[in-house]
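Undergrad: From just these sequences and the hints, can you work out the full model?
If you read the sequence shown in the numbering used here, its first letter stands for residue -2, the second for the next number, and so on.
Don't take every hint at face value.
Claimed, not checked - Straight-line C-alpha distance at most 20 Å; calculated EDC-like pairs for lysine to aspartate or glutamate:
id, residue 1, residue 2
1, 8, 31
2, 2, 31
3, 2, 30
4, 8, 34
5, 47, 34
To be verified - The calculated label-pair distances, taken between Cβ atoms and stated as ranges, are:
id, residue 1, residue 2, range
6, 24, 60, 29 to 35 Å
7, 59, 25, 31 to 37 Å
8, 58, 27, 15 to 21 Å
9, 59, 36, 15 to 21 Å
10, 6, 30, 24 to 30 Å
11, -1, 26, 18 to 24 Å
12, 48, 1, 25 to 31 Å
13, 36, 56, 28 to 34 Å
14, 45, 1, 20 to 26 Å
15, 1, 22, 28 to 34 Å
Derived by calculation from the structure, the hints in this document are not laboratory data. Note that the Cβ used here is the ideal one computed from N, Cα and C, for glycine as well.
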Amino acid sequence: MVFQKSNPFPKSIYENVVYSLRIAGVSDRSVLDEVCEASLRRAALWTEVKDRLQDSALGLSGGQMQR
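TA: Written as structure tokens, this is what we have:
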């Protein structure tokens, strides 16, 4: 199910992006970094958030969260 309003975890942008990989047991930082960047690029967010990956995901705008 897809909801109208996004509900990020109260974690960093980076941790929200790699959450499913961590749950699956992936801990290799280079893999997590690569997937994070690729995912944010596909969502057209990389240039907007690349310097704020450790900031809370709750600080993203509504439009950014939906992407």
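Undergrad: Does each hint hold? Answer for all of them.
TA: Hints and how they fare:
Between residue 8 and residue 31 the CA atoms are separated by roughly 19 Å; this keeps the pair inside 20 Å, and the hint holds. The hinted pair formed by residue 2 and residue 31 fails the criterion: a straight-line CA distance of about 27 Å is larger than 20 Å. Only pairs whose Cα atoms come within 20 Å are accepted, and residue 2 paired with residue 30 is rejected, the gap being roughly 26 Å. Restraint check for residue 8 and residue 34: the C-alpha separation of about 17 Å stays at or below 20 Å, so the hint holds.
For the given pair, residue 47 sits about 8 Å from residue 34 by alpha-carbon distance, which is consistent with the 20 Å threshold. The given range of 29 to 35 Å is respected by residue 24 and residue 60, whose C-beta atoms sit roughly 32 Å from each other. The given range of 31 to 37 Å is respected by residue 59 and residue 25, whose C-beta atoms sit roughly 33 Å from each other. Taking the beta carbon of each, residue 58 and residue 27 are about 29 Å apart, not inside 15 to 21 Å as hinted.
At roughly 19 Å, the beta-carbon separation of residue 59 and residue 36 lies within the given 15 to 21 Å, and the hint holds. One distance hint, 24 to 30 Å for the beta-carbon pair residue 6 and residue 30, is violated here, with the actual separation near 19 Å. Taking the beta carbon of each, residue -1 and residue 26 are about 30 Å apart, not inside 18 to 24 Å as hinted. Look at residue 48 against residue 1: about 29 Å separates their beta carbons, and that is inside 25 to 31 Å.
Taking 28 to 34 Å as the suggested C-beta distance range, the pair residue 36 and residue 56 does not conform, at roughly 18 Å. Our hint of 20 to 26 Å for residue 45 and residue 1 holds, since their Cβ atoms are close to 22 Å apart. Here the CB-CB span from residue 1 to residue 22 is close to 32 Å, well matched to the stated 28 to 34 Å.
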